[in-house]
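Colleague: Residue numbers (my numbering), protein chains in the order written: chain A, 19 to 323; chain B, 6 to 329.
In case anyone wonders, no lab produced these hints; they're calculated from the structure. As the structure is a prediction and not an experimental result, all values here were calculated from the model. C-beta atoms are modelled at their ideal positions from N, C-alpha and C, and glycine is treated no differently. Among the hints, a few may not be true.
Unchecked claim - Chain A is faced by these chain B residues, among others (derived, beta-carbon under 7 Å):
#1 97
#2 100
#3 127
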Amino acid sequence: MRNIWILTAIRMRLALRNRAFMFFSLMMPLAFLFVFAAIFARGDTRMVTYLLPSVLALTVMGSFWGLSIQLVTFREQGVLRQFRLAPVAPFEMLVSSVIANYILTMPTVVIELVLARTVWNVSSFGNLWGLFVMMSLGTVTFASFGLIVASMTNTMQETQVINNAIWFLFLFFSGATFPFVFFPGWLQRVSVFLPATHLIIGLQYVLIGGASLWKVGPEIVALLTGLLMSLFVSTKLFRWEPEARIERRSKFVAAAVVIPFLLVGVWENAQDARRSELRAIYNSAMQRSLPGQTPAQTPPQNPQQ
Amino acid sequence: MRGSFRRQQCLRYDVSPDVSDAIVQVENLKKNYGPVEAVRGVSFEVREGEVFGLLGPNGAGKTTTVEILEGLRTADSGRVSVCGMDPHRSGTEYQNLFGAVLQSTALPEKLRVDEALALFSSFYPKRRDTSELVRRFGLEEKRHTFYSRLSGGQKQRLALALALVNEPLVLFLDEPTAGLDPQVRREIYDIVEELRQEKKTILLTTHYIEEAERLCDRVAIIDHGQVMAMGTPRELKDRSAGTTRIQVRLARPAQDGALQQLEGVADCRQFEDSYVLHSRRPPQTIVALVKHLEADGNELQTLEIAAPTLEDVFIELTGRRLRD
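Could you put together the complete structure from these sequences and hints?
Modeller: Pasting the structure below:
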């Protein structure tokens, strides 16, 4: 346990010295906030509120990217085998990277919330405790996906390809950039199989709908199970040596991490109520009365076609 | 617990020679990489307080042997132990015992020297004052420098310092001077010699003859995954006892076997354009050589006479040079 804290501290230092990390974990999320709030929502508080879950999800969703690159770099450079000489366990190496990422990502989330409140007048963040739990779980779960990517790829090129593929799916099919309620029905049914969709839906429930954690139980279960499976599988498949290759069979084991999301996706598809609830959340966000708010230049479009 | 008596002895550092003075034991070690037999039955012991060298060319199996001892690789068969402990069965207790310099050290680029030392020492229950190590290895000016900004020699000194952070019972140094320029290499020699004077137990691998001769109490010559000879550098050289090494270059190649026939020649080998003769009676051999060349119409271009070195022993044993 002590080693985890030692490694967490050093990883945080290294991350703060890494320009790429600072860009992706601070600059880019703030850029997303600006683009969504000032351009997509045109500064309209109701729309900003509605899009805030997407911005928050985008902020933590990319965590898998940095973690996978870092782990593969350390493995390829032979840094990991240097650590292997010392009494350090794979689990400690992996968990410390997830914790360090969490601690360094949370300030960005707080900055975004403060900006949403001060610049775009978002007055309520719904269920604050629920928001904290969803964001924390989202950050560590998506970070742990990076460990899976690192464990199932052998080279940096492979890692980059997989990262791009995952990021593309998360970005366009989870409702992160294009709201879920606007998706055609078939895409909504596909989309609920994605972890990112669960995070965004969960955030919409707690932040906009003010829902209790009980309400977002399925999302929490999906993310939590995904987290535990990622940590377990990546510990099992952990490789210290640069030349160690993953067996084809093990890749299927790694791919098993998607199972909880498949199961929850199937469940969600059986719950038509959930989709109408999400629409209701959207409508309520749009109709919310906003004292002291300058009227929006253009009223939000009715999504009904 | 079996073996715990010796373990305690080992852990206390004051291993009395009559209990057991072998800190490191390697017995009939074998390791294949696919069809390649990297290590083919290597056995040796490293005794308490000695510097033991594995001398051999690249690809001889030295690194594989050391990395099995470090727990980085698993043996196919045979046994290795440090203080009676097995690298893969003893858990973290085993890692506390040794310090190691890998063939190539790698640390995160943006880790500072003092951070690296503090980080690695914090993993161990028994640790050494890192500022003392910084001083000792001449890294004071570089203590706040990023790892990526260090020179090759500084990186290697840091690697040695890192190997000592846990007050190890035994040090594994894998090619500690490979790829360093001569001046830096001498610095590393001085450090190892200091450690030797402190009676540290050290296992080092090298393909430099002078390194083995200068630093090691005992040497195992290793080639193609097998130990060809073992002993002190003196003992090994005495194998060529009474012979003198005569190296000559000729204007054109000598006739097959002609030099072998010369008076006093025990052994003759050809390397590219030169011949190395081992002679029991050097003056007679030289006279005979000159006469032979005259009769043959050949010419002597250079001639060197030297006492036999470990390299000659190596050549005798393996029929080739360490480095080509």
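Colleague: Would you check whether residue 100/B satisfies its interface hint, that is, whether its CB is within less than 7 Å of any CB in chain A?
Modeller: 4 Å, holds
Colleague: Interface hint check: residue 97/B, Cβ to nearest Cβ on chain A, cutoff 7 Å. Holds or violated?
Modeller: 3 Å, holds
Colleague: Against chain A, is residue 127/B within 7 Å by beta-carbon distance?
Modeller: Holds: closest Cβ of chain A sits about 5 Å from residue 127/B, inside 7 Å.
No hint from the list above goes unmet by this structure.
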